[in-house]
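Chemist: Let's have the full structure, built from the sequences with the hints guiding it.
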Amino acid sequence: MVKTIAGNIAFGLNCLLLFLAISDQVLALPAWLQVTGRMHPLWLHFPIALLIAATLAEYHLTSQPSSEKKILTGWADALLLMASLTAPLTAVMGWFLSQEPGYENDVLDRHRWSGLMVSLLAYTWYAGRTWWRKNRFATWMIAVGNLSGVVLAGHFGAVITHGADYLWEPLQKKSGQSTPLPDSARLYTEIIQPIFEKKCNSCHNQNKAKGKLILETEEGILKGGKNGALWDIQAPDLGLMMQRIRLPLVEKKHMPPAGKTQLTALEIAIIEQWIKAGSPFDKRIADLEPTDSLHQLAMTWLKPPDDPYAGMPFPDPDLIRMISSHYCVVQPIARYSPALRVHFFGASHFKSDNLKALEKLKNQIVELRLGHMTVQDQDIPYIAALTQLRLLDLSFTRITGKTLPALKTLRHLQTLSLTGTQIHAQDLDWIDSLPELNAVYVWNTGLSSQEMEALSKRFPRMHFEDGFRGDTIVTRLTMPLFRDDELLVFQGDTVIELKHFVKDADIRYTLDGREPDSVHSAPYEKGVRIDKSLVFKAKAFLTGWLSSQTLERQFYKRGFQPDSIRLVKLPNPQYAPNGRLLCDGKKGDTNFKSGKWQGYRENGMEAWLTFDTAVIVSNVVFSSLTDIGSYIMPPLNLQIWGGNSPASMSLLSTERPAQPVKGEPAYLKGYECAFPPRRVRVLKLVATPVARLPAWHPGKGDRGWFFVDEIFIN
Amino acid sequence: MEKEILEYSLQINRRRFLSKMGIGIGSAALGSLLMPDLFGSRADAETVAGLPHFAPKAKRVIYLFQNGAPSQLDLFDFKPKLNAMQGQDLPASVRMGQRLTGMTSNQERFPLAGSVFSFQQYGDHGAWISELLPHTARIVNELCIIHSMHTEAINHDPALTFIQTGAQVGNRPSTGAWLSYGLGSENQNLPAFCVLLSKGKGNGQGVYAKLWTNGFLDSIHQGVQFSSGDHPVLYLNNPDAIDRQDRRKMLDRLASLNEASYARFGDSEINARIQQYELAYRMQTAVPEVTDLSHEPMDIIKLYGPDCLIPGTYAANCLLARKLSENGVRFVQLYHQGWDGHNNLTGEIKGQCADTDQASAALITDLKQRGLLDETLVIWGGEFGRTNYCQGPLTKDNYGRDHHPRCFTIWMAGGGIKPGVYGETDEFGYNIVENPVHVNDFHATLLHLMGLDHEKLTFRHLGRRYRLTDVAGKVVHDIIA
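Protein chains in written order, with the working numbering: chain W, 432 to 1145; chain V, -12 to 468.
There could be a bad hint or two in this list.
Straight-line Cα separation of at most 20 Å, PhoX-like style, residue types lysine-lysine; simulated pairs [unchecked claim]:
hint : chain 1 : residue 1 : chain 2 : residue 2
1    : W       : K968      : W       : K988
2    : W       : K1093     : V       : K188
3    : W       : K691      : V       : K461
4    : W       : K639      : W       : K691
5    : W       : K641      : W       : K629
6    : W       : K641      : W       : K684
Derived list of chain V stretches under chain W, where covered just means 3 residues or more per stretch with a C-beta under 8 Å from a C-beta of chain W [unchecked claim]:
hint : region
7    : 274 to 283
8    : 288 to 302
So the derived list for chain W, only partly shown, Cβ under 8 Å to chain V, looks like this [said to hold, decoys possible]:
hint : residue
9    : H774
10   : G802
11   : T846
12   : G898
13   : G901
14   : I904
15   : T906
16   : F932
17   : K934
In case anyone wonders, no lab produced these hints; they're calculated from the structure.
Yeah, the Cβ is synthetic: ideal placement off N, Cα and C, and Gly gets one too.
Modeler: Set out below in structure tokens:
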């Protein structure tokens, strides 16, 4: 019973293993499975030992007389069963372990597949044990298969944990300090052959010479392959080898073939230049002119991968957590790097103490950005303590430059930004003592352009960024703006307030419709009080700038409110909101569909306004819209009638508003009808729309619209 | 008998075989349970740290989106052949029956229209730039001009949605949201993804919140629109009679309620909501600081042009974009409307360029003089290109151009980009002949520059993993420095 269950478990585990192998999915493991995975290096000893034991038992079994076989068979079965159970278990654990980061892919794959093979073989052995035993040879086959699987898987596993050279290293002859100085290196042995070794020789070696080409030896290279010599310096494309390398990847003949590690651009360039140079096998780099492109390529190739922060101690994560805040962000410059970048945000939250606290991370902070913070002269010593700094941004801070020389301690500083501060040229006298400094940002400071030039001459290794200078550029100033953009209609009186984004702009205004100028017009100071409907114009001036365009707006005073409004002629039903709309104090904009506008076309407008108590009126303003494209025009004429009762009306005023010209954009305008003061209880307002649109209009001859949103009576 | 002996020796018969199969299938099922579903998504584990997959070339992006599709043929992709063949029909061999929009597909003729604007070569790489972009011409040495962008959609909405979210249908996360998800915010006091809108006078196409949606990602990754009024972020200020302490108390109380309800329901959106309130609280002080332009030096005003002081203009948005980016905002997305030149292209494009050219170039110059261009990726471009043939009547000095998805020009600058001219279209400016860059490739490259592997930045939704590039996309290494 136990055996059956164990056998089934072994089978199940193998199936699971196969599934994992085939689906090749990335697993997300919970912690407890990770623990199981990490037990792989422990467990793997079981199948190894058990498989060896099982082999011994099988050997024993074949050599025993049949009388004793029964007991022995029981033992052998048990050993086989345990082996075939622990093998897939180990493999599954290994699979879990392999999901953790940091394992090399190539060897890992080999280890994985050989492990899987061992597991399957062990189970095959166990499941078919009676069959194998029938034939001695078969037993040996399966046993040897299993054991070699174990050796193979074990070896690849050891390569993962101990490294590829671990086993044979003691036997290899020590070559001493073998990295030669770049200059004395031979091009072929130090560069060309290693490239071939890495990218080509796996197929073009003495054992496996694909295309009959051997790249391992000088003779092989010179001999070429079945398609002949590798290069031809006379040919524009340098012959076969470069041809193959340069073919697109999709081409079958491209080398190295798709799927293999490709040559890098640098490697290709080196090979090409080397062939061009006559493929010298003996030449040393020192023999080449330093300006030679092959020399430069070779030096680039030999340069050790530079990690400026190698050897830097890793920071204490708790410390980082303690110092970091929403306003002081401390972060590694890249994943797995000890070096830190610190960025301050939010000037209103900046405190010197934040800066002081950074000292604890002085061995790791390489970048400090303090732009726009309220850093002052007395904070500089805190920065001077951060001796690993490469980049320091003090732009737009409050420093004056007096304490800057304290930064002499920043031996690694490369970039220093002082943009937008109060520093002067003499504050920079010391910067030559920073050996690595190569960029200084000094625009928008106390430095004149001559001083900046002098600095560049004095410290030629540094770049002084002088920024964009606008002094010579003359552009137009922007218009002043109304502080209250909604203000159009007022009662009694009001104050017009303006603003301008350029602080020093000089704003002039007029109230009589004339264009403001910088001499005669009133200067705007705090606000302009008005108490009647008028056109307000304002303009901004500033030396060094062209004057702004004119800001213009008509303001309406809201005087008497009629007690009733009767529309004798109704507006077009589409734009027929009720009569009260004409005196609700709400102006419409250029959108005639907004519901604030009444639109008249066929009938024209006739509205009767009555007042319960008589009022003295001298001025009526029609606020209207003109939008040529939508056929909305100023009225042809306007009439104001008034009297004490509907029976006793007399014509008070007639106006013929000016019509727009072709192409004028939509505009809002108030048409004022003024007349001598008159005591009235009833007003009749008549507006006649344009009967025929002018000849230049796309709808010439058609009727025009008249749109009105508000009537102001004063 | 033979069969029984064999069965015995193999210890297998039909019943045992079937029962074993059962175990096998069961084990496979166990294996499938081990897959990410059960134990949460690996994508989360990869991205939750907010650190890039590998050392990034760029830390932040500013995307100057030219909404409506600017005409590459009048700005960057100089095709004298079109002028030589002015008014002649587009050869069928060039068009090869490729689809057209409904707006021109029923035109009887497709008269070629050469640009009325003059071109000149600028910079180290001899890039052709039209007279409409004098400021851009001045900074051309910083730009990588890509002539070979192409997309799949032929109308605005799907094309916009595609280039913003990697899919033509809506509700996928926008690029900025992906970056917010993948890298988080540098500055915890501002949203990682900010959106700025402006409008030119040319024929416009809409922009709408779907373009900066978080899609299926947590709503904390949604783009936050900054508007042009006195309140750049709506509803951010405290109402009258509520001060900052009151607000703090209210938020603390609200957070405890939300936490209780999170403990009960475990809905991650509740957590997102708590975070959003906290972010908004911090934004109350951070936003006024960032959006205050009053301390900008006069040189900067002149650099961007005085329009930059008028909120809501493209120039103002460029300046604000720089300020946001400088303050650690991961992705600033601008949209400038008005490039959809179907009819009066020559007139409209002048205005559009006047509105955008100086400020776009200024942004590059400004970032550079602050030492920020190296770590900021700036992208300029629309959703597709415009046709080489005229839509509507072709006159001597005016024409219209229809939508053209088969090639268009964008430029990229800064963060890890190799300046130059990349890709080539045929002499008609209709098809790409060299180095095509698909929208998916563009996204893959963008993520790569930010240190993210576009195949690893995934999110599990509705039973499968999604990527910005979904199932396609190749990093264009040629344009990376």
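Chemist: Determine for every hint whether it applies to the structure shown.
Modeler: Hint by hint, here is what the structure shows:
1. W:K968 - W:K988: holds, 17 Å
2. W:K1093 - V:K188: holds, 19 Å
3. W:K691 - V:K461: Roughly 18 Å between the alpha carbons, so the hint for W:K691 and V:K461 holds.
4. W:K639 - W:K691: holds, 16 Å
5. W:K641 - W:K629: Holds, at about 16 Å.
6. W:K641 - W:K684: Holds - the C-alpha atoms of W:K684 and W:K641 are around 12 Å apart, at most 20 Å.
7. 274 to 283: Three-residue rule met by the region 274 to 283 of chain V, so holds; n is 4.
8. 288 to 302: holds (count 8)
9. H774: Hint holds; W:H774 Cβ to chain V Cβ min 6 Å, cut 8 Å.
10. G802: Constraint on W:G802 satisfied, holds at 7 Å.
11. T846: holds, 6 Å
12. G898: holds, 4 Å
13. G901: Holds: closest Cβ of chain V sits about 3 Å from W:G901, inside 8 Å.
14. I904: With a closest approach of 5 Å, the W:I904 hint holds.
15. T906: The hint holds - W:T906 has a Cβ within 8 Å of chain V, the shortest such distance being about 6 Å.
16. F932: holds, 3 Å
17. K934: This interface hint holds because 7 Å falls under the 8 Å limit.
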